[in-house]
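K.L.:
From the two separate chains plus the hints, produce the assembled complex.
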Amino acid sequence: MKLKLLGTAILSSAMAFGAAGLAQADDFPSKPLTLVVGFGAGGSTDIQARVLANVLEENLGQPVNVVNQPGAGGGVALARLANNADEGYTVVFGTSMTITFGPLSTETTYELDDFRYVAGVTLGQSAIVTGEDRAFGDTWEGLIEYARENPGTSYATQTALDRMIIEYIARQEGLDLRIVPTSGGAGMAPLILSGDVDFGYSGGTHSGYADSGEMPVLLSLAEDRLVAFPDAPTLPEAGYDINAAEIRVVMVPKDVPDDRVERLAEALEAATRDERFIEITEERILMPVTYIPEDEVTQTLRDQIEGYRTLLEELGGVPED
Amino acid sequence: MIGFDAILSAFIAALHYESIAIIFGGVLLGYIVGVIPGLNRAVAIAIAIPLTFYMSAYAAIAFLIGLSKGTAAGSAVSAILLNTPGEPSSAATCLDGYPMAKNGKPRKALKVGLLASVIGDLLATLLLIAVVIPFASVALKFGPYELTAILVFALVFVAGMAGGSFLKGLAAGGMGIILGTVGLDPETGAARLTFGYAELMEGVPILPLVIGTLALAEMFAQLDEHRRNKGASVIKLGKSSEDSLSYREFKSTLPTIFKSTGVGAFVGALPGLGPTVGAFMAYGLAKRTAKDPDSFGKGNPNGIAAAESADNAVIPASYIPLFGLGIPGSVSAALLVGAFMIHGIQVGPLMLREHPEMLFTLFSGMIVASVLMLVVGWYGLRIFAKVTNVPPHIVIAIVIFLCLAGIQVQGYGTFGLATVFVFSIFGYFLKKFDYSFVTFLVAFIVTPMLEMNLRQSVILSGGDIGILLQRPIALAFVVFTALMVLHLAWTAYRRWLGDRLKARQS
Chain Z
1 MKLKLLGTAI LSSAMAFGAA GLAQADDFPS KPLTLVVGFG AGGSTDIQAR
51 VLANVLEENL GQPVNVVNQP GAGGGVALAR LANNADEGYT VVFGTSMTIT
101 FGPLSTETTY ELDDFRYVAG VTLGQSAIVT GEDRAFGDTW EGLIEYAREN
151 PGTSYATQTA LDRMIIEYIA RQEGLDLRIV PTSGGAGMAP LILSGDVDFG
201 YSGGTHSGYA DSGEMPVLLS LAEDRLVAFP DAPTLPEAGY DINAAEIRVV
251 MVPKDVPDDR VERLAEALEA ATRDERFIEI TEERILMPVT YIPEDEVTQT
301 LRDQIEGYRT LLEELGGVPE D
Chain W
1 MIGFDAILSA FIAALHYESI AIIFGGVLLG YIVGVIPGLN RAVAIAIAIP
51 LTFYMSAYAA IAFLIGLSKG TAAGSAVSAI LLNTPGEPSS AATCLDGYPM
101 AKNGKPRKAL KVGLLASVIG DLLATLLLIA VVIPFASVAL KFGPYELTAI
151 LVFALVFVAG MAGGSFLKGL AAGGMGIILG TVGLDPETGA ARLTFGYAEL
201 MEGVPILPLV IGTLALAEMF AQLDEHRRNK GASVIKLGKS SEDSLSYREF
251 KSTLPTIFKS TGVGAFVGAL PGLGPTVGAF MAYGLAKRTA KDPDSFGKGN
301 PNGIAAAESA DNAVIPASYI PLFGLGIPGS VSAALLVGAF MIHGIQVGPL
351 MLREHPEMLF TLFSGMIVAS VLMLVVGWYG LRIFAKVTNV PPHIVIAIVI
401 FLCLAGIQVQ GYGTFGLATV FVFSIFGYFL KKFDYSFVTF LVAFIVTPML
451 EMNLRQSVIL SGGDIGILLQ RPIALAFVVF TALMVLHLAW TAYRRWLGDR
501 LKARQS
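Note that the protein sequences, when read in sequence, are chains Z and W. full-length UniProt numbering puts the first residue of the first sequence at 1, with every later residue one more than the last. full-length UniProt numbering puts the first residue of the second sequence at 1, with every later residue one more than the last.
For the chain W half of the interface with chain Z, some residues (derived, Cβ under 7 Å), not all of them: (1) G143; (2) A198; (3) L460.
In short, the hints are calculated from the structure, not lab data. All C-beta atoms, glycine included, are put in the ideal place defined by N, C-alpha and C.
Next up, chain W with everything else stripped away, as it sits in the complex (with noise of 0.2 Å):
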């Protein structure tokens, strides 16, 4: 076990000014991509990792976190100011933030959001802390039936959570496999749809298809709506007297940023559902036990606090599954373990053994960045709401150019901007028809693994099922799983039992 010196020393590592004057470039530079509305954290953290190798293993990360927390404060203020979530987890911002602003209380509305984003952030990662280190004590109990068992829980669970067309989530979640299981077959080495290419031997590279799926489809999205209306208005910082936050105000929403809080943790500690969930159902959950739910979407206070401390607990919450177990629970978090990789960190239940000075450092490291995320936002404000006067057709063709040059940074040379062209095609009609992307991406990020641990199981146990009964871990997530479909079968019936008898009544 860890000894208290070491925890100590992490946190004198992060408090170093080289340190402190890393993570707050990543805060800052997250702020401003948050803020720029198009300029996602996933794009963010893709198009920063190249810019990291240089860097050392912890200032990497720790830039990479700053930046991740960064985006999910900044994206508030687009959304608030613009109606423009600079975020898609900010889209449950917008429904009082935009109102408020509206109002003549712009800054009134941001330092809400702002406030809630931290505590959201700090609490969840002070949760983070707490959890990781009993999870990482059962580190080696997880072998591949257990991995096995809880990766078919995670794709079950996404899947059924996506919402929307149960056929089109399907159909999305399909392809992820499909282009999972490009490459060599880990047992025979026989090549699978590669086609003849040596690129595609060890799979679909990731981070061409992650920026093409999401970065580049998002710009073609955005250049069809930019051409479509270009006339969208842009709130001026007013000075009235009433725009500014009393401290009876900001006490009266700490309970449904506590309550909010929770719910975003609890989001986010579940693999693949991610904070736009998240912030969604903590809006909603506190719009339902409101006492006066009508003035919601009219500018109340208590819904941007709920949407931005859900939205901002969630990604400290999503490193739970991702240190203690190895899942990405969100995005951002799956493109984290590249960048981990890159700097030769595996992550997941060994790192604590590992490499526990790096966590800890890691951790003092979050914390240091969620006290930097209100250094940024309140002092920063007002100079970065100009930023969403950036004309859309400037930071669409700088995106693009970013993302290419992010590529080619990596080497995948002719054959990775093919392949980023091919996804941002692909990705532009699985947002045009409203097809789950995540349920596409965690497909994708989760079927080699899968294949892999059930490849090992199968062999290990000389294909024996009973092998379950020695390994009670394994059995759970078994029956959570079995128990998971049901319960998404049951109430898809009830659903079409439902549209039936209205049917027929009418």
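Next up, chain Z with everything else stripped away, as it sits in the complex (with noise of 0.2 Å):
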């Protein structure tokens, strides 16, 4: 008895030894790997993981399998990739709202140094909007000018993000602004839709609207204007020094090695160019696909944080850590 599980120990530890050695011998990947969504299944974000798991199978020659880990506008899978030790066979599909503002605005186990940031690989189009038939029309100037004769006017928010960036407009124009908060595209809509509501934040709900012309863009949050509303001014174009365009990052944790994170760089470059990936990113999602370098993104991000820093010790808070 007492030999044979000798034997089994040895057996299994030599089993172990022997695939870590042909783990590092061999070519990373040599096992499937995990793409995380931050999301529930789905949601926009999903849908693009979906596809771009499919895309990076084939490159990378071995499976990808996506798993959904929902809750905290993406800070639960954070969380649990700032502790993973899969030295690059898990990496996670995330926007960049959920690494620069996150950590700020509540308390977070994770912060932007924990990671390392693979690529961007798309652009986010979130913008505020507003409904058809304003008394204010469809142009920003025309609703600050609004606002300013009609205190009590309302904004819809969704993230603390939008809020603050809304609450910082507010404090530079002089708007006396009712903040209402809703939940995600589909319980800002119906408010926005049916007038109750003034003008709001919307992360992509928007896009579904560019034809139908029921829910105009008042402002672009993106870097440049937005592909589907090329009328709307962005942020610094309005007269805000705020950059608060979103990209959708792919992560890994902050020790994997170099010559990983290239080839998962290297794979993910040539999915931006795939047809399957742009198709549905530029059609059903309609966000643009790009292609953004580790070095680039990481210190974008590092900029962006930064700057909300610098607007919330203005707006009177940053939180304690």
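P.N.:
See the structure below:
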């Protein structure tokens, strides 16, 4: 019995060492990868991730499994990734807001430097939107003028970030706004369409109304003007020094070795040129595909955090860490 | 407004052989689940949701609707043959079904049950189609003020109608409300009752909570039951000539079926009451209006017909508040909301506007499901009855495995499993001490919606209660709620007075 146990022990440890040795000697990746999505199944991030996984699978020569870890606006997935020791076999596909503004607005167990940002692959198209036939029309100047004359103009917020931006704008323009919380695009849309709320934040819902014109865009929150709404100015164009551009990024824990990050980046760059990924992103989700390499995307995220911190200080409060 | 063409093409889509195959699969699975005691509709939907991830949105919803309908019809089988309702809502079916089966007419009882199920279901589905469109056309009139008023009304109504001890109902509802407030405050972003778990920031995840309190807790309760009484008798299907259903006998149950369908549809259209209440109310009504009330409980086919048609009518009717107002009228309707969301569809007033083709395909799918239910039930009677012979110790083990596998598939991880176990223990004691889990669950589901809408109303109106005068629908529901509270208080007071009088006399 004891001998048998000893035998098993020796055999299993030999196998463990053997496997470890193999993994190091072999080219990365030598086993299936996991692509974690920090949002529920069926959302735009999830749909995009499933196509991305298919495309990556072919390039990397290993299965890529999509796993949903919803919660805290993508924060649950990042909190788990920070403690992950998979050496690059587990990656998170998520939005930049989770890592840039998340740690500033709530208590998180992670921060920017806990991860490496393999690449940015898609640019977000968030915006400030309104409904049809409003008293102020469908321009940003019109809204500002209207809101100055009508204290109590209402705004529908969805995230802590857009709340901060609108509070900053309200202070700069001297507006008295009623800021209404809503849950997601599905919660915001009825309020805007029915006219119960004057204007609001939209992550991507407005793209669905691009053809019908029921949800005009007042202000682009992306770095450039929106693809589907080229008439709406960006934040800097409207006179606000804020960069709130959302980027969809692929992240790994900070201790993943360089050669593995490079291999993943190579596969991602190929994916951004793949027709299937471009089709799902640009035609269905209506967001532009791009490829932003690690150095550049990390610097952008760092700059955004600095910008948000300055804004919060001006507004009178960075939450204590 | 949606054109006739769209409706027609929706029906054509539902009659495609692939759709029929999917709905058939749902009905068949639902029927089997319904037959097996202890596997109920909510569990079946909860377990099937992950399976639908890889289907198209329409296929997924059609499958779930077929499943949901199938369970209601299937549950009659075990209620009649085993005196064990496959669904709690079939408890009323046991009253006459089991005696009739014991008298050597099991097949007749099963056929009455099946026909009543199908007719009740079909009529209520037609009612749903007729009622949802007028509801949806005024959809955008239901802003945060109206929704707040309706949700408060629903909470009071469910709490008042759930019955049983008032204090226990209050406690169960209170637990639901407390759990419903867990997570980030929608306005300030402050973490409430999260105890540092990032997983709780968006609230207690609903699926682990439901699977824990309903499915796993039920399994524990049944395990307990199984340990105590192992020798439940099983009826074999007989072959006597009396055991067939003549057309005349069927015709004599039709008035009962129509009446009970009305009761079921009414109960289903009100949020929270559920099929059990509907079935018992219809049974009571049938017994009270019958010429021979004494024959009820001894194998009267009208008793089976009343319970089954009402039970089945509740389900389509509970989709009226769901599609029209976004309020889930039953546990399975609440679970369907989740399923819809997974497939990117916001259930509620805007559905007709945003996904009209989807809604009509869905309706036609429901009618197809009703017809398939008849086919599955009629030809499968004898085979399905054999499923009840599976020993409970095997069923229970399989169900527990499926529950946990479902959570794992959803990506809730270890935290999800822990949540399931915590709530299974919680649910077990809810059952043991007879607390209404309907009140608990409805409160849990309604609270976050109520909080969001209430806050929106207060902020938008600037805290001015006079806004109600400009919103007549909201005002009406506020008045209804006040009347309801007064009514409940009055009946409670009368009962208390009566009890005191009795105590003094004795």
